[in-house]
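**Q** So the chains spell out like this:
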Amino acid sequence: MESQSPGNTAQDAWSQHVASLKADFPGRSREIDALSTMLVETPYLSSVSIRRVPKSSSFSNTTLERGGTLVSVSSVPSLFVYGDSGTGKTSLLRALLRPFELEGLVAFVNCLECHSPRLLFEHLIDQLLSAGADFGERGLAWTAGTELDPTHGYARSYRCDSLVDFINKLREFDDARIHFGIECSSNSEDPLLSASMKTNNLKRSIYNEISGSITNSPVSRLKDFHFLRATRFLVFDHAERLRDADPQLLAQIMRIFELTPHQNTATVPILISASPPTTFVDPLFAPLPRVIHFPPYPTGILVAILRRYRPPLDPDLVALHDGFAWLLIDMVGSSTRNIVEIVHVADVVWRKYVEPVTEGKIKATDSTRLYRNIQPFIKDVLDKLYLREISGLDSSGWALRAPGPSRTTGLAGRQIDIQLPRHTKFLLIASFLASYNPAKYDRKLFSKEAAGRQEKRGKKGLQIKETRGKLRQQLLGPKAFPLERMKAIFFIVLDTSIEDSVAVDTQIATLFSLRLLLRLTSAGSDRLDSMRCRCAISYDYAQRLAREVNFDMGKYLIDFT
Amino acid sequence: MPPRTATSSAPALATSTMESHSPTQTRKSKRTRSEMEESDADEGVVSTPKGKGKGKAPMASTPRNDTSAGLSSPAARDPHEPSQQTIHDATLARAVVVDRLSGRIVPEKEELVGLDEQYSALMTVLEGTVARGESNSVLLVGERGCGKTATLDRVLQDLHARLRSSPPSPPTAASTNAPAEHLPSKPFLLVRLNGRVHTDDKLAVRDIVRQLDVERDMEGTEFSSLSPLMHHLLSLLRLSDRTTVPVVFVLDELDAFADRPGQRLLYNLLDAVQGEKGNVAVVAIAAGVDVLDKLEKRVKSRFSGRRILFHPPTGMPAFETLARNALTVRVQHRVSAEYAEMYAKRMEALLADPSFKKTLKRLSELSSDPRSVLWAMIPAAAQISPAKPFLEPGAFDGIANPPDVVATEIRCLPPLSLVLLCAAVRMQRRSIPCFNFAMCWDEYRSLVNRASARGSAGAVERWKKSVCLKAWDHLTSREFLQPQGGSLGGLGGANKAPKEHRMYRLAVEADDVERAAGGPGVSADVRTWARE
Numbered sequence: 001m002e003s004q005s006p007g008n009t010a011q012d013a014w015s016q017h018v019a020s021l022k023a024d025f026p027g028r029s030r031e032i033d034a035l036s037t038m039l040v041e042t043p044y045l046s047s048v049s050i051r052r053v054p055k056s057s058s059f060s061n062t063t064l065e066r067g068g069t070l071v072s073v074s075s076v077p078s079l080f081v082y083g084d085s086g087t088g089k090t091s092l093l094r095a096l097l098r099p100f101e102l103e104g105l106v107a108f109v110n111c112l113e114c115h116s117p118r119l120l121f122e123h124l125i126d127q128l129l130s131a132g133a134d135f136g137e138r139g140l141a142w143t144a145g146t147e148l149d150p151t152h153g154y155a156r157s158y159r160c161d162s163l164v165d166f167i168n169k170l171r172e173f174d175d176a177r178i179h180f181g182i183e184c185s186s187n188s189e190d191p192l193l194s195a196s197m198k199t200n201n202l203k204r205s206i207y208n209e210i211s212g213s214i215t216n217s218p219v220s221r222l223k224d225f226h227f228l229r230a231t232r233f234l235v236f237d238h239a240e241r242l243r244d245a246d247p248q249l250l251a252q253i254m255r256i257f258e259l260t261p262h263q264n265t266a267t268v269p270i271l272i273s274a275s276p277p278t279t280f281v282d283p284l285f286a287p288l289p290r291v292i293h294f295p296p297y298p299t300g301i302l303v304a305i306l307r308r309y310r311p312p313l314d315p316d317l318v319a320l321h322d323g324f325a326w327l328l329i330d331m332v333g334s335s336t337r338n339i340v341e342i343v344h345v346a347d348v349v350w351r352k353y354v355e356p357v358t359e360g361k362i363k364a365t366d367s368t369r370l371y372r373n374i375q376p377f378i379k380d381v382l383d384k385l386y387l388r389e390i391s392g393l394d395s396s397g398w399a400l401r402a403p404g405p406s407r408t409t410g411l412a413g414r415q416i417d418i419q420l421p422r423h424t425k426f427l428l429i430a431s432f433l434a435s436y437n438p439a440k441y442d443r444k445l446f447s448k449e450a451a452g453r454q455e456k457r458g459k460k461g462l463q464i465k466e467t468r469g470k471l472r473q474q475l476l477g478p479k480a481f482p483l484e485r486m487k488a489i490f491f492i493v494l495d496t497s498i499e500d501s502v503a504v505d506t507q508i509a510t511l512f513s514l515r516l517l518l519r520l521t522s523a524g525s526d527r528l529d530s531m532r533c534r535c536a537i538s539y540d541y542a543q544r545l546a547r548e549v550n551f552d553m554g555k556y557l558i559d560f561t
Numbered sequence: 001m002p003p004r005t006a007t008s009s010a011p012a013l014a015t016s017t018m019e020s021h022s023p024t025q026t027r028k029s030k031r032t033r034s035e036m037e038e039s040d041a042d043e044g045v046v047s048t049p050k051g052k053g054k055g056k057a058p059m060a061s062t063p064r065n066d067t068s069a070g071l072s073s074p075a076a077r078d079p080h081e082p083s084q085q086t087i088h089d090a091t092l093a094r095a096v097v098v099d100r101l102s103g104r105i106v107p108e109k110e111e112l113v114g115l116d117e118q119y120s121a122l123m124t125v126l127e128g129t130v131a132r133g134e135s136n137s138v139l140l141v142g143e144r145g146c147g148k149t150a151t152l153d154r155v156l157q158d159l160h161a162r163l164r165s166s167p168p169s170p171p172t173a174a175s176t177n178a179p180a181e182h183l184p185s186k187p188f189l190l191v192r193l194n195g196r197v198h199t200d201d202k203l204a205v206r207d208i209v210r211q212l213d214v215e216r217d218m219e220g221t222e223f224s225s226l227s228p229l230m231h232h233l234l235s236l237l238r239l240s241d242r243t244t245v246p247v248v249f250v251l252d253e254l255d256a257f258a259d260r261p262g263q264r265l266l267y268n269l270l271d272a273v274q275g276e277k278g279n280v281a282v283v284a285i286a287a288g289v290d291v292l293d294k295l296e297k298r299v300k301s302r303f304s305g306r307r308i309l310f311h312p313p314t315g316m317p318a319f320e321t322l323a324r325n326a327l328t329v330r331v332q333h334r335v336s337a338e339y340a341e342m343y344a345k346r347m348e349a350l351l352a353d354p355s356f357k358k359t360l361k362r363l364s365e366l367s368s369d370p371r372s373v374l375w376a377m378i379p380a381a382a383q384i385s386p387a388k389p390f391l392e393p394g395a396f397d398g399i400a401n402p403p404d405v406v407a408t409e410i411r412c413l414p415p416l417s418l419v420l421l422c423a424a425v426r427m428q429r430r431s432i433p434c435f436n437f438a439m440c441w442d443e444y445r446s447l448v449n450r451a452s453a454r455g456s457a458g459a460v461e462r463w464k465k466s467v468c469l470k471a472w473d474h475l476t477s478r479e480f481l482q483p484q485g486g487s488l489g490g491l492g493g494a495n496k497a498p499k500e501h502r503m504y505r506l507a508v509e510a511d512d513v514e515r516a517a518g519g520p521g522v523s524a525d526v527r528t529w530a531r532e
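Each protein sequence line maps, in turn, to chains V and D.
When we follow UniProt numbering, the leftmost residue of the first sequence carries the number 1, and every step to the right adds one.
When we follow UniProt numbering, the leftmost residue of the second sequence carries the number 1, and every step to the right adds one.
Treat the hints with caution; some may be incorrect.
[Claimed, not checked] Partial list, derived from the structure: chain V residues whose beta carbon lies under 8 Å from chain D:
| no. | residue |
| --- | --- |
| 1 | P77 |
| 2 | A251 |
| 3 | T279 |
Hints are computed from structural coordinates only; laboratory data are not their basis.
Idealized CB from N, CA, C, for every residue including glycine.
Sequences are here, hints too, so could you generate the full structure?
**A** Okay, here's the thing in structure tokens:
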């Protein structure tokens with residue numbers, strides 16, 4: 001019947017797959033091995049496949065003899081894949097589990113996209129069913145509803161918004177697989193099997209029989225039973241979203257292996273997250289799943305990956321690119337080791353780096369001169385690229401060959417071009433002072449007679465409070481203040497007198513709409529006068545404004561450095 | 001193969017005796033090929049205890065007959081091909097052990113360590129309902145993972161097997177409620193509900209209907225809303241008497257059911273049980289000891305008050321038995337006799353291994369929950385492969401203290417992030433538990449200034465504030481820093497405090513940061529900052 005033990009063939013097929021993965025994912029062979037041991041303990045070649053086949057061929061013997069399909073029989077209750085973003089967690093898992101995807105045994109879901117249980121479950125089911133939509137001649141009415149039909153407004157005909165529905169749907173799916181498997185087997189050469197399959201009250205009783213006996217004796221040597229016992233993997237990417245949105249749902253999903261015990265197909269949840277596994281612990285529920293850690297890539301591997309991403313090059317430039325990769329990672333590596341960032345930066349910088357060579361100015365072997373060519377501005381450009389201040393595609397950022405003094409940074413970066421009227425600038429300064437100065441010092445700071453008469457006492461009082469510590473107002477951030485207080489400060493700091501207070505209110509409204517001033521109480525309920533606000537500009541920007549209007553802000557600020 | 005066919009039609013009463021003999025069979029040291037095959041055939045009976053009804057004889061023979069055509073084709077049994085045999089044996093052994101560790105299969109009775117009393121108590125209750133038509137309710141209480149569900153599953157399966165082989169005295173075929181042709185396959189109906197899954201009564205009732213629907217056809221009747229459905233269901237349950245098919249309700253996570261307002265489902269189910277004549281059993285499972293106090297008076301008075309307490313194993317001997325039971329592979333699992341013998345030897349060696357004992361002790365100290373001890377052993381057991389067909393003591397070494405992945409992550413952080421974390425640690429040391437980016441940036445700047453004043457300038461890079469802020473963002477997204485709400489952290493939504501002033505708390509161990517700063521390739525300045 002069989003020339004080879006199917007277990008052996010499957011093992012071979014699987015090791016080939018794993019070997020090719022190791023070539024595709026440099027520096028990840030340890031993780032591939034760990035995942036492969038945990039998830040694919042026992043690869044089997046199943047003679048039966050639920051893959052779409054032409055309707056005409058009714059699963060003849062030739063179909064079966066083609067070698068069947070690879071399924072995994074594994075019993076890890078759950079798995080947690082931990083690692084920084086851009087370390088290959090998702091892509092590696094996708095590639096690793098691809099062989100099973102065709103069988104409807106793998107589903108990936110991104111919890112960022114699918115934020116509600118309904119989206120989540122229906123997304124999973126769609127993927128599982130898209131593989132198994134065609135269960136042979138009989139077909140299944142229930143799979144028909146999964147295709148998004150324009151006539152129904154692209155809605156599914158089923159609804160699945162709870163775990164109960166989901167588990168039941170999985171059970172239906174397993175039933176269908178089993179029916180189908182039996183159908184295939186009944187055409188097989190195996191006389192014993194097909195004879196028994198063809199007997200009366202076939203489906204239901206066989207299913208009962210299988211679910212009884214197989215779950216008890218996992219070691220049945222009937223290979224088609226491996227088809228039935230195959231493990232299904234549900235992969236939840238960005239699982240921390242699931243945790244934050246609904247801890248109850250996360251707990252349910254983590255226990256899905258136990259909650260589906262009466263089905264032949266085990267369901268294994270795999271969580272992928274960049275958040276520490278310990279933050280997923282729910283004392284009420286299952287023990288923490290096994291963690292597979294994807295550590296950040298070391299420099300050598302980063303270079304190897306950059307090499308994979310390099311554009312098609314002349315052979316003589318390849319060595320240059322290698323040297324460039326080391327140089328770049330040396331420079332960027334101190335602030336980020338994220339491969340996505342590095343590839344983004346490398347793409348642009350390489351074009352600039354190699355430019356003198358293609359123009360024939362510098363020889364490709366002269367890396368010292370090449371470095372010197374790029375060295376004056378690379379640091380600045382790297383920062384700009386890293387912060388996405390200039391786009392990788394936009395080469396105009398490169399015009400800054402000799403960058404000027406660094407511009408205002410931080411929150412003010414984008415406010416620089418807003419030209420405000422003089423009074424509005426004072427309003428902003430006043431709100432900055434109101435935000436950062438405790439109200440109790442207002443009298444000492446702003447009252448005119450106090451400044452004259454009690455300078456000594458006032459100064460002494462202020463000095464006591466100058467902590468210079470890490471809890472000073474400058475660092476703690478802006479506080480909310482009543483608008484009245486800000487206005488009072490405004491009229492004191494303003495060097496000219498102002499009559500029209502309506503204009504001031506208009507200006508304040510403008511500042512609200514520019515979001516330089518934030519309204520903390522709801523807009524509808526309050527009058528403009530009594531509302532609380534907070535200033536949203538940075539110290540640098542406030543200083544700049546003060547300089548522009550010739551206002552000495554420093555003497556009104558407490559504890560600033 | 002004649003012996004197989006013979007055993008398959010053998011009276012199923014033999015099952016129990018076979019079962020009790022099986023351990024002794026394993027200990028036989030040397031067996032001939034024919035003996036092995038016989039025990040293999042015996043095993044078919046043992047491993048499928050519930051599939052042996054007389055009416056089902058042709059079906060029951062199916063799985064075993066297939067075995068000859070399956071994975072171990074005759075070639076695999078050929079003694080001239082030892083490698084094939086090893087592959088077969090190792091694959092089977094791994095499947096057996098891992099399935100058992102993960103709980104994918106219901107454990108055998110002898111694998112339930114120290115739960116004999118509970119087993120027989122539960123058996124008595126359920127037997128009463130299923131075989132003698134007494135309604136009953138029982139509560140299984142015990143810590144998580146100590147075997148409540150496993151024992152229940154075992155009892156249900158044994159009961160199932162026993163009833164199938166010898167139909168209970170009131171012949172179920174006389175039932176009027178269910179179609180007769182279904183009856184032989186199901187001596188009783190099982191409805192499983194889980195309080196955490198069936199999160200509201202609507203879901204629960206619908207699922208009850210679905211689970212009962214296998215036998216009772218309710219399709220003709222359309223129910224627009226929940227209450228008529230519930231009503232119909234309850235009237236069906238109340239109708240039940242000794243002649244109908246018994247129903248066993250399993251309510252897992254009773255706490256969650258009890259937390260629902262009104263406890264309607266509990267009340268109705270228990271009320272149905274209370275009737276004199278019905279044969280409905282309710283098995284509730286709860287982890288909390290105080291769950292009975294949570295029940296409302298009217299619910300509690302309908303509950304029989306029968307409790308079965310489950311205790312986690314205590315002491316090393318219990319855990320050693322647990323490990324031994326979980327890791328055993330016998331000839332009954334269709335591995336070859338030679339392999340089973342070798343396996344047993346290696347397993348004994350493993351169990352006697354001092355480092356394994358230490359691991360086990362540590363596991364049992366970490367958690368008295370047997371399930372988490374078993375789960376921790378899965379990765380080690382999964383390493384059984386044709387290349388390494390036996391349990392290796394080395395594989396178990398690390399499982400009690402899995403590597404601290406967060407510490408590894410911190411060690412691999414780029415210098416900038418590490419410096420920021422150092423600043424955060426310094427905040428914490430200065431008894432400022434909540435801090436923001438502005439403070440850490442200030443700290444970083446003053447440290448760099450101090451270092452350059454001392455003349456070691458250049459050792460630590462001067463990063464731009466915006467680059468630092470991006471690194472800070474990265475740290476918070478990795479949850480090394482935990483956002484803090486409250487007065488300083490500010491309001492949510494659009495009015496949140498500006499990014500650099502949002503408050504955070506250190507969510508990693510300061511020691512880990514210090515150790516990471518002490519690693520190779522980190523400048524001496526940073527090391528000092530982390531330590532001070």
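**Q** Next, verify each hint and record whether it holds.
**A** Cross-check of the supplied hints:
1. P77: holds (5 Å)
2. A251: OK, holds: A251/V within 8 Å of chain D, min 7 Å.
3. T279: Since the shortest Cβ distance to chain D is 6 Å, the answer is holds.
Violated hints are absent here; each numbered hint is respected by the structure.
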